[in-house]
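Chemist: Please put together the full structure from these sequences, using the hints given.
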Amino acid sequence: MRVTISIKKAQFANKYGKLILSDGTVLDGKGFGYQKTVFGELVFNTGMVGYTETLTDPSYAGQILTLTYPLIGNYGVPDPSLIDKSGISQFFESDKIQARGLVVHELSEVASHWNLSMTLDEWLYNEKIPGISGIDTRELTKKLRMGGVMMAALVVSDSEIDVASIKKQLAETKSYSSEEFMDQVSTKEAQTYGQESDSIVVIDTGVKNAIIRNIRDLGYKVVKLPWNATIEKVLSYNPKGVVLSNGPGDPEKCPQTIQTAKQLIEKNIPTLGICLGAQIIGLAGGAETYKLKYGHRGQNKSCLNLQNNQVYVTSQNHGYGIDPDSLGKTDFELWFTNTDDNTVEGIKHKQKKVIAVQFHPEASPGPYDCKYVFEELKSLIKGGDSNTK
Amino acid sequence: MLPVTPEYVSSIIESERPDGIMLGYGGQTALNCGVNLGEQGVLTKYGVKVLGTQIPGIQKTEDRQLFKDSMKECGVPVLKSKTVNTFDDAKNAAEELGYPVIIRVAYTLGGKGGGVAYNEYELHEIVERGLNASLVRQVLIEEYIGHWKQIEYEVMQDYEGNNVIVCNMENVLSMRVHTGDNIVVAPSQTIDNREYHMLRSAGLRATKHVGIVGECNIQFALEPTSDRYVAIEINPRLSRSSALASKATGYPLAYMSAKIGLGHSLPELVNHITKTTTACFEPSLDYVVCKHPRWDFAKFELANRKLGPTMNSVGEVMAIGRTFEESLQKSIRMLDIGNDGLVLNRDNGKSYDVEDIENHLLNPNDHILYYVAAALKKGLSVEKIQKLSSIDPWFIEKIRNIIDVEQQTKEKPMNSDLMLQAKHFGFSDKQIGRAINKNEFEVRKLRKELGVVPIVKQIDTLAAEWPSKTNYLYITYGGTENDIQISSDQRGVVVLGAGPYRIGSSVEFDWGTVNMVWGLQENGEQNVIVVNCNPETVSTDYDICSRLYFEELTLERILDIADFENSKGMVTSVGGQTANNLTPQLAKAGIHLLGTSAEDVDMAEDRSKFSKILDKLHIKQPHWQAFSSFSEAKSFAIKVGYPVLVRPSYVLSGAAMKVVWSQEELAKYVGEATTLSPDHPVVITKFMLNSLEVDVDGVSDGKTVIIGAIVEHIDAAGVHSGDAMMVIPPWRLNNKQVETITDYSNKIAKSFNIKGPFNLQFLIHNDQVYVIELNIRASRSMPFVSKLIKTNLISLAARAVLGKPLPNIPSDKWKKTLIHGIKVPQFSFMQLDGADIVLGVEMQSTGEAACFGDSFYDALAKGLISVGYNLPKQGTALITIGGAENKEKMLQTMAILKHLGFKILATEHTAEFLSEKNIQDVEIVYKISEPHRKPNISDLLYERKINFIINIPSTSTLEKYVGMLYDEFQIRRKATELGIPVLTTTELAESFVKTLEWLHTNETTKRALEPYDPF
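Chains G and S, in that order, are what the protein sequence lines are. Take 1078 as the starting number for the first sequence in this note's numbering and just add one per residue. Take 2 as the starting number for the second sequence in this note's numbering and just add one per residue.
Hints in this document: simulated from the structure, not taken from any laboratory. Source: prediction; values computed, not measured. Keep in mind that the hints are not guaranteed to be accurate.
Restraint-style ranges between C-beta atoms, simulated for each label pair [to be verified]:
#	chain 1	residue 1	chain 2	residue 2	range
1	G	D1400	S	D490	38 to 44 Å
2	S	S227	G	K1086	22 to 28 Å
3	G	S1254	S	E144	53 to 59 Å
4	G	K1086	S	N360	27 to 33 Å
5	G	G1164	S	K388	33 to 39 Å
6	G	L1383	S	V454	46 to 52 Å
7	G	E1266	S	S227	34 to 40 Å
8	G	K1244	S	D490	35 to 41 Å
9	G	D1400	S	K569	47 to 53 Å
10	S	P468	G	K1310	42 to 48 Å
11	S	D490	G	T1250	42 to 48 Å
12	S	V454	G	E1266	54 to 60 Å
13	S	D228	G	K1310	35 to 41 Å
If you want the ones that stay clear, here's a sample from chain S, every Cβ over 10 Å from chain G, calculated [as the list claims (entries may be wrong)]:
#	residue
14	Q41
15	D542
16	N735
17	K751
From the three backbone atoms N, C-alpha and C, an ideal C-beta is built for every residue, glycine too.
Modeler: Here is the structure:
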């Protein structure tokens, strides 16, 4: 039977919508998705595709996401129930939308793709997430670039919106930096994927499905453990290696994970940190982290691999980073730097089998150019050093 | 200025001894030439290094089989196909793959010669043509995937293997239509993250594997119902797509590619826009770009308008907006074809029946988008439209949005919400005016009252993520804030460009625009602002000017820019007819125009005002009159005698001028092409047979007139000046005529108070000088004249428009130039299915070449070679000449041919005439329409037994307009398809043969162009 291109139309669009920033700015737009008021840190992402993957990335927990590409929703949203052979969702990075709200210039009210099961609007509605369209997202991005990321309220309503009361609530909302996310995003209990005898433990601080899939592709069973798993718990699975995952918020809010990471380094367990996981490894190794003014979120970020002098285009999503000046006092050396602003994008332990990248080698969304970072982990496990690529 | 052929380039290598050569910047011509030089060993012999992609890499992308093998090696799927060198192999391959199949030609230009065959008969036609068009006599037979999505990626890669994707693009009209003829959006719209990055990875893998260094374009086909894909081709050079991608993203691909060719690595190069971030990144767009091709089918009476795998367009525009609807409607306006958008056009009333619509959805032509709109209006479902047209439903739904808003503007009361919605979807004030019965100005006023005004946004390559001081701008209604403000010390002069390349307006006006910008800068203007919308131009390089608006050249948009810029003045005299046509309206709207006043421009444009002034100056012009009724027209034609030149002032079908030979024809033409009315009269001019045409290009400041040169057409009057070969110095004019022309030019320039460039056209008939036309603007021949006489006319014009006096340049400077220059037109008949190559009053050439030499024939030989003529030293000529007069005229030429040792073939009557006149050994051949009689022309053509053809229709160039002889058309068409030169005028044939004669005892000169003289 011939598959056809599916077409669907938005049903929940054209409500009242306002985006209210903590600096007092009030932007008018059209609400879509679910009618609701949310508060969160307003950030922007410059990727031109991949809203499905981005919205379900647990690293966006606590944030209201602005997409700089102006036409969003064109190809709809695939079926969330489709899973791959390892039991991982095929098209989603987690089991729900993680961002608190979505800000776009234009919502495509019609979606068309062979693989769609619903529109973006419908998906947001089902997941009770508000969205707003009709915003000058370029102007908003410039504001965030100049003033830094800030807290904001996104209101979608069937009736007129009372700005004054929302402003008051916004002022009283706890800031993103002080929020604790681990209980929201981490698994409560151990989960395994695959049957292989060799396993890799993933410490879940908000792991994306693509990370698990990439480890599975290396040929390992994956054991996903809660963020606060102790070293004893980790070692009880006798893993060949450990991956510290991505996730939301300030890395210093994960003291137990940092503690476990310290011991992984000490015991020389082959370990790969990704994004938040990289910051945690940095902190465990004695480096410091800091909050970036407006973060790196996009799919076009080039990073220089200092070991082979090659530049790779990476997918990034981080609001915090490792302080390069603090690396000197640690046993870690720079591995990758961001070619635009020279921020730390990867570190390597000078003696131990511990590596970390600030970007997302698993892509999804974004380019696949750095998949080889997973191969590096495998070669650490296999006993080789990681200076191959 | 020499032909880009292996012979000429070798000789330059020999004399210049360069260290390196770059092959990727001169299109397919340069690439083929470079590969040829490599294969001949010229590059090795002189130690010339190829900078950028090496020749084996080029070959891997150009040779179909090597390409397929390479793709397989790096895990990139390709289509099932077979490379063949003969028709029999093609037939077998097609049977194996199953019809329909597509035929692609190796080593050729613009997909030239390819096609889709649904049966063996069509296969034969296309394969034969393809084999002949191919430099290596090779074609590819391939599975047809017309309904798949066509997605392209522009890749940059350095010697170290760092690589990035600069832009991806999606073709709205699927794989069915050549990307050059497709409506293209950037970035892609209908593919998701996985598909986007799957193709991206494949693109990087493929280019790395073949060893691209610099820039390339890779084209994929993606099945719309799965993620199955195949790589179609790699262009290992800068292409039309690269130009588009550069403009679409702000990433200067050619510039970066050149740096990489010199050995720089991508990471060490800096993003040209931000100046702080690296060039080794992938631009992120926060707008949507729509490229729309410009076709000129109307110029070719018999051409097939159907779109397919062969490119037919002659130019393109690019629109930038924040919705697809906005970009699309902007792009339609930019085409300058009289449409104000997709809907609410002047002739919006046109209705099609469903059968017609369905047929056109299935077989797209240049009106495809209008058929989609018509289909939606008729109630056809999106599914049905998609099935017939292979256009993704997303695009169809976007077109529906436009139609919905059209409906609302007609039905609902206009308020700020509806106005904003319409503007959001790219409706112009004119379109809205048609819906609410107001004129453009009334809508503009109402719109401003409603608070709906556009904003100015920057193109910064990275979606505002990093600060950048970019001057690359566009205008949109998709936002609330301007990205920049113009302070009073930034106010400047706006120069209007020429819009899309098309027949009659091409790169010469880009030269004009750029040189005007430079001229203004040299004369102290700090802020020069350019408005243009053609991605193929230098004038839209943002580093040429202070601010670039990549925008529509419509009154509405220019006024928006004037409002925002509060500009000091505007120059409309270098952007061809597009900019010139805006002159009166801009003046009326209160814009300060620099240069000749709008009134004086109008005096030249308005025939009766123009005539009155000529009468006052006692300068002759051919008899003419304007008519609003057929009976008046008829009696005028009888009075002055046929033939007459008929020119409607309001053109419906696009067919403009026509030479009419009889009353029946006049009746037919006036009825068909025009609606006669007092508002839209038709102008009829006596057409003078056997006369010479002359152009004068000059500049004036109102007091001093500088004549660039007097340029003589080699072809007789009646061949459009854009299609005629031109020569400086004049070839057949006597001193008295030259003096008269100079005198007239001075008088006219002064009478019209010209301050800036101008072009005058003259006719010489029976020793009398007549004026045909005055254009108070830069002309097509100005770059040619400027380069030959080493005087940049536009640079002088810049002084004139600023009100500065012109320098003292001797009035006979051009006469003292010792070299000869000849401009030769380049035609693209080959690409245009069914078009006839006989020249006429409608311009048909799509480009030109100019060459200089020590003598007329020196220049002409190089000119002819440049446009693709093969100048044989010996061989066979086919001669068919119609009419006794022409036969007489060509007698001497035939004698020369014979003397040079050419074998002469002729059709019966011509052969008979030639033997009567003592030209011996003429072999008789038979017409294509008599295939049973041998030897037949058709066979000889296919067997390549003919080197060139002299085929002159009976009443010279005008035969076509009397009633074309099918057989002659067949000869010309076949020969064109097979790449055999066909000479269709006595002048051209004579020049050609004399050039062959000259080449027997001479060699062409090979010198570099000299710089402009400073003034």
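Chemist: All hints are to be evaluated individually against the structure, with a verdict given for each.
Modeler: Hints, verified against the model:
1. Between D1400 of chain G and D490 of chain S the Cβ separation comes to about 43 Å, which falls inside the hinted range of 38 to 44 Å.
2. For the pair S227 of chain S and K1086 of chain G, the beta carbons lie near 23 Å from each other, so the given range of 22 to 28 Å is met.
3. As the Cβ distance of S1254 of chain G to E144 of chain S is approximately 57 Å, the hint placing it in 53 to 59 Å holds.
4. With their beta carbons about 29 Å apart, K1086 of chain G and N360 of chain S fall inside the hinted range of 27 to 33 Å.
5. The given range of 33 to 39 Å is respected by G1164 of chain G and K388 of chain S, whose C-beta atoms sit roughly 37 Å from each other.
6. Taken as a hint, the range 46 to 52 Å holds for the pair L1383 of chain G and V454 of chain S, whose Cβ atoms sit roughly 50 Å apart.
7. A hinted range of 34 to 40 Å for the beta carbons of E1266 of chain G and S227 of chain S is consistent with their spacing of about 37 Å.
8. Evaluation of the 35 to 41 Å hint for K1244 of chain G and D490 of chain S yields a pass: the beta carbon distance comes to about 40 Å.
9. For D1400 of chain G and K569 of chain S, the Cβ-Cβ distance of about 51 Å falls inside the hinted range of 47 to 53 Å, so the restraint holds.
10. About 47 Å separates the C-beta atoms of P468 of chain S and K1310 of chain G, a value consistent with the hinted range of 42 to 48 Å.
11. For the hinted restraint 42 to 48 Å between D490 of chain S and T1250 of chain G, the CB-CB distance of approximately 45 Å keeps it satisfied.
12. Between V454 of chain S and E1266 of chain G the C-beta distance comes to about 59 Å, which sits within the given range of 54 to 60 Å.
13. Taken as a hint, the range 35 to 41 Å holds for the pair D228 of chain S and K1310 of chain G, whose Cβ atoms sit roughly 40 Å apart.
14. Every CB of chain G is more than 10 Å from the CB of Q41 of chain S (nearest about 36 Å), matching its label as outside the interface.
15. Every beta carbon of chain G lies more than 10 Å from that of D542 of chain S, the smallest distance being close to 23 Å; the non-interface claim holds.
16. The beta carbon of N735 of chain S sits about 65 Å from the closest Cβ of chain G, which is more than 10 Å, so the claim that it is off the interface holds.
17. Against the 10 Å criterion, K751 of chain S stays outside the reach of chain G, whose nearest CB is about 52 Å from its own CB.
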